[in-house]
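S.K.: Chains as they are written, first to last, in our numbering: chain A, 1 to 283; chain B, 1 to 283; chain C, 1 to 216; chain D, 1 to 216.
It cannot be assumed that every hint is accurate.
Here are the simulated lysine-lysine pairs, DSSO-like style, with alpha carbons at most 30 Å apart [unchecked claim]:
1) D:K88 <-> C:K173
2) D:K185 <-> B:K86
3) D:K88 <-> B:K206
4) B:K203 <-> A:K206
5) C:K122 <-> C:K67
6) D:K26 <-> D:K185
By construction, these hints were calculated from the structure, which means they are not laboratory data.
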Amino acid sequence: MRILSFHIRTALSNMFRNIGINLLTIFSISVGLFLIAITTVTVNTLNSAVSEWTEGFGLVVYLMDSLDDESIKALKAEVENEPEVKDARFISRETAMSRLKKVLGEATLDGLDENPLPNSLEISLRQGNVQPEKVREVAARLKRLEGVEGVQFGEKWVGVLANAARRFTLFGSALGISLTVGIIFILSNTIKVLFYRRSNEIKILKLLGATSWFIRIPFLVEGVLFGSAAGLLASGASYGAAYWLGSGHALPPNLVWPTHAVILFGGALGIIGSLLAVGRIRL
Amino acid sequence: MRILSFHIRTALSNMFRNIGINLLTIFSISVGLFLIAITTVTVNTLNSAVSEWTEGFGLVVYLMDSLDDESIKALKAEVENEPEVKDARFISRETAMSRLKKVLGEATLDGLDENPLPNSLEISLRQGNVQPEKVREVAARLKRLEGVEGVQFGEKWVGVLANAARRFTLFGSALGISLTVGIIFILSNTIKVLFYRRSNEIKILKLLGATSWFIRIPFLVEGVLFGSAAGLLASGASYGAAYWLGSGHALPPNLVWPTHAVILFGGALGIIGSLLAVGRIRL
Amino acid sequence: MIKFDNVVKYYDGQPALNNVSFHLEKGEMAFLTGPSGSGKTTLLRLIYRDEVAESGRIIIADWDLLKLTGASIPYLRRNVGVVFQDFKLLPERTVRENVELTLRIQGVPSEEARERVTSTLKLVGLRHKSDALPTQLSGGEQQRVVIARAVIGNPAVLLADEPTGNLDPETSKEIMDVFKAVHAKGATVFIATHDPALFEHSGCRVFRLNHGGISS
Amino acid sequence: MIKFDNVVKYYDGQPALNNVSFHLEKGEMAFLTGPSGSGKTTLLRLIYRDEVAESGRIIIADWDLLKLTGASIPYLRRNVGVVFQDFKLLPERTVRENVELTLRIQGVPSEEARERVTSTLKLVGLRHKSDALPTQLSGGEQQRVVIARAVIGNPAVLLADEPTGNLDPETSKEIMDVFKAVHAKGATVFIATHDPALFEHSGCRVFRLNHGGISS
Ligand SMILES: Nc1ncnc2c1ncn2[C@@H]1O[C@H](COP(=O)(O)OP(=O)(O)OP(=O)(O)O)[C@@H](O)[C@H]1O
Ligand SMILES: Nc1ncnc2c1ncn2[C@@H]1O[C@H](COP(=O)(O)OP(=O)(O)OP(=O)(O)O)[C@@H](O)[C@H]1O
Ligand SMILES: [Mg+2]
Ligand SMILES: [Mg+2]
Chain A
1 MRILSFHIRT
11 ALSNMFRNIG
21 INLLTIFSIS
31 VGLFLIAITT
41 VTVNTLNSAV
51 SEWTEGFGLV
61 VYLMDSLDDE
71 SIKALKAEVE
81 NEPEVKDARF
91 ISRETAMSRL
101 KKVLGEATLD
111 GLDENPLPNS
121 LEISLRQGNV
131 QPEKVREVAA
141 RLKRLEGVEG
151 VQFGEKWVGV
161 LANAARRFTL
171 FGSALGISLT
181 VGIIFILSNT
191 IKVLFYRRSN
201 EIKILKLLGA
211 TSWFIRIPFL
221 VEGVLFGSAA
231 GLLASGASYG
241 AAYWLGSGHA
251 LPPNLVWPTH
261 AVILFGGALG
271 IIGSLLAVGR
281 IRL
Chain B
1 MRILSFHIRT
11 ALSNMFRNIG
21 INLLTIFSIS
31 VGLFLIAITT
41 VTVNTLNSAV
51 SEWTEGFGLV
61 VYLMDSLDDE
71 SIKALKAEVE
81 NEPEVKDARF
91 ISRETAMSRL
101 KKVLGEATLD
111 GLDENPLPNS
121 LEISLRQGNV
131 QPEKVREVAA
141 RLKRLEGVEG
151 VQFGEKWVGV
161 LANAARRFTL
171 FGSALGISLT
181 VGIIFILSNT
191 IKVLFYRRSN
201 EIKILKLLGA
211 TSWFIRIPFL
221 VEGVLFGSAA
231 GLLASGASYG
241 AAYWLGSGHA
251 LPPNLVWPTH
261 AVILFGGALG
271 IIGSLLAVGR
281 IRL
Chain C
1 MIKFDNVVKY
11 YDGQPALNNV
21 SFHLEKGEMA
31 FLTGPSGSGK
41 TTLLRLIYRD
51 EVAESGRIII
61 ADWDLLKLTG
71 ASIPYLRRNV
81 GVVFQDFKLL
91 PERTVRENVE
101 LTLRIQGVPS
111 EEARERVTST
121 LKLVGLRHKS
131 DALPTQLSGG
141 EQQRVVIARA
151 VIGNPAVLLA
161 DEPTGNLDPE
171 TSKEIMDVFK
181 AVHAKGATVF
191 IATHDPALFE
201 HSGCRVFRLN
211 HGGISS
Chain D
1 MIKFDNVVKY
11 YDGQPALNNV
21 SFHLEKGEMA
31 FLTGPSGSGK
41 TTLLRLIYRD
51 EVAESGRIII
61 ADWDLLKLTG
71 ASIPYLRRNV
81 GVVFQDFKLL
91 PERTVRENVE
101 LTLRIQGVPS
111 EEARERVTST
121 LKLVGLRHKS
131 DALPTQLSGG
141 EQQRVVIARA
151 VIGNPAVLLA
161 DEPTGNLDPE
171 TSKEIMDVFK
181 AVHAKGATVF
191 IATHDPALFE
201 HSGCRVFRLN
211 HGGISS
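Only chain A is shown next, with the shape it has when bound in the complex:
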């Protein structure tokens, strides 16, 4: 216990000896962690949007604005009579708008003061009827019904979106991985530099009978301190950014966790970085 506190004190005094440079290093690392956190949030948002849409849209029948509730009901029944249709769900134009707002963010649509979306029926097809040709056939039939303004092959648009989301996920992962590798490099460099700066001191400690771990422990402590300090900064920044981009709305929990996890992530990278640094240096 006493020995550990000795090491922590050594580590802290090393950090404070060059507080300026060390703060800058922490700042650089936190920029990287911040980017990782917001990329994760963005990828998550996009993917949950895609999966929501993929579920929702089998086939969408847009209804003429002129239809009253009665005719809508009749039309719904008629549609559900088709053999391939499992069920049809009425989506009012208001519901459609609020869905869109949820996906794109309230603020993005602030410019609109009129709802341009139509009422619609969301149609789920029975299993075995979701092949493109079949869907096209059903769509053609539905289009001919009274009161239908248009039919949309939802899955096509979903395909476009899913395609974009896949690309973005790929790109985001590549970015995340490069950043992680970069951060580990920076951390292990920082520790290595501290190590080299003290290499003279370390040689002397060895001559006085210090064991390898007596020498290494302060550097491991430093790595963790660096990493988690940067993580804390990044957490604050990414939470702030997410809040700001969401125009002040609290984020849903599945988007918030990356902004917290980044602290632990930073600490973990710190351990990895310093282990790499002190492990590779022959004592």
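We have chain A already, so just place chains B, C and D with the ligands on it with the hints.
M.R.: What follows is chains B, C and D with the ligands alone, placed relative to chain A:
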């Protein structure tokens, strides 16, 4: 001349003395420069899309698919007769699609095998008629014309897009500035670390009668070498990434320049970083 | 206690020590002399395993240095106090911290360490410089800090390499008294020096190195 | 050439030099002695402007050190060769490069520098160690590298701080001969030492420092 070559040799030998660490530093910096380059490309793309759309869309009249060329011509004349309308330009559904492709990228729309866009007339209003109420009034009148499926207040959607683009530009600039500051920090730290590593040597050189600039010049040379080496790497990477995201299509020149400029940018940051490092250290 | 058997040490293809054999008894005090570059420092470095011999046998107390594993080197070194010719002080630590280091490494509790440092610094006449950094000391003062750091751990073996090179004759005599006190407590003491005044009339054995060979 | 007038130098509120006055003529050779911590190194550091006096006047050749601007310090130092007590060798440069540095800083062309280094290393008996790093040298060899670096620039003033602390009596004599040769070429030479053998029977003036005061 001889003296300069002496300094360049000193700088190079300093860099090679720790080639591993220095390569990692260059790599970290190039990640930052890479992000700056692709952010610039993205912001450029988005903004040119918005400015193109803003010009094009005054008010858009969507035409029914059933109209033949004759009726379209007649309708165009009728529209141009309205006192507030300066001119109307016919945009075929094919033109509309190819515009969309240009803005979003060919690949994004690969999923579509049918063109869902309608024919339309793009209407420019006479100066003095672009206030929201006036536009609404004109739109209402146009909507009543035979063969018109709908009228879109282009500027509203453009507003949404412009809003998004503005946010993204703001966000991109913030990111770019933080990254630039971060890179300058890293560079100046790297030089400072080299400086501190050699501080013992430097004290001795001073005692032997060396002038401040005799000591500083190798560090300035090193800063430039670091910065431009990282810039070169980032340039290659961002060109590759842009090419990949553009699905193999060559980028238009206005999107390519950031991938080249990043080399000079890196060198400039190198000078700034090393000047900060050696300037602030009292000799 | 210290036994060399036909020890050979090369540097860059040149023999720095050539077939060196000698034996110091436990508790003996002896001197090592010879011209500049004759191998005195090299011989001492072999004892605390800072260098490894090319051939021959070196026995220090119970350790056979040619069979020593890397993990036990620290424990050998804790039993060998060294006054380094080039001091090897930590420049960013105070005099007190430098001297205390020997004890910290051995895990001595901090209160005990504190007291022992104070009395050892008094012994070498540097109590008033406890909180100074090495760069704030004169050459002779630094040398005395090194001496304090070497003797504070009560090592079984004390090696001193030119321990009075920066000291005036009077201070030299005081330092020799410190070494004699350590010797009186049972330690084996081995001092490398150029200064004949240190070993003349001392009654101790004197080993002479010349071109890598030893004679006594 | 070297003139001190009532020079006072404090460290941490304690006087290291107290009202020191003396005068060395151009081309004179003299010694400075005194116990450990008496201020010898401090006095020499004032001469090459590594420290600044609190009060008094110091004149070196044509320079009044209390009026010296920062920008002219390098030019003062190029005229003062120093054998540092703690060597101050660059650890990552070879012996040759260390000695050559003095000339590089003064802008001497590389071919000329090369030749002068070779002959100076021969003078101190280290030609065979030209390409060694300082860490590969014995204490005495390092000291001779420092001496070579100090004399190679033909300085008007040569200061030596304990230049024989790591040398055997024979090598010491050889080094003293080097200093005498430099002196014979017209340089002012000032040597701080603990070793009375260096200045006894030399016929030179000897200044003694004690508790910050000087006497000759
Ligand atoms: N690490 C090394 N690499 C190469 N040669 C070395 C190394 N250490 C010492 N030498 C050489 O070995 C020889 C003996 O050196 P050593 O330091 O043992 O001499 P010494 O007797 O202590 O001399 P001094 O009295 O000058 O300190 C010298 O010629 C020296 O140059
Ligand atoms: N940078 C400094 N800061 C504080 N005190 C110092 C500093 N340099 C020297 N001193 C103190 O000033 C006094 C004189 O030191 P100086 O180095 O001049 O002595 P010296 O005569 O050269 O001794 P030695 O023979 O041991 O080398 C000493 O007590 C020393 O501790
Ligand atoms: Mg030696
Ligand atoms: Mg001194």
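S.K.: Which of the listed hints are broken here?
M.R.: 2, 5
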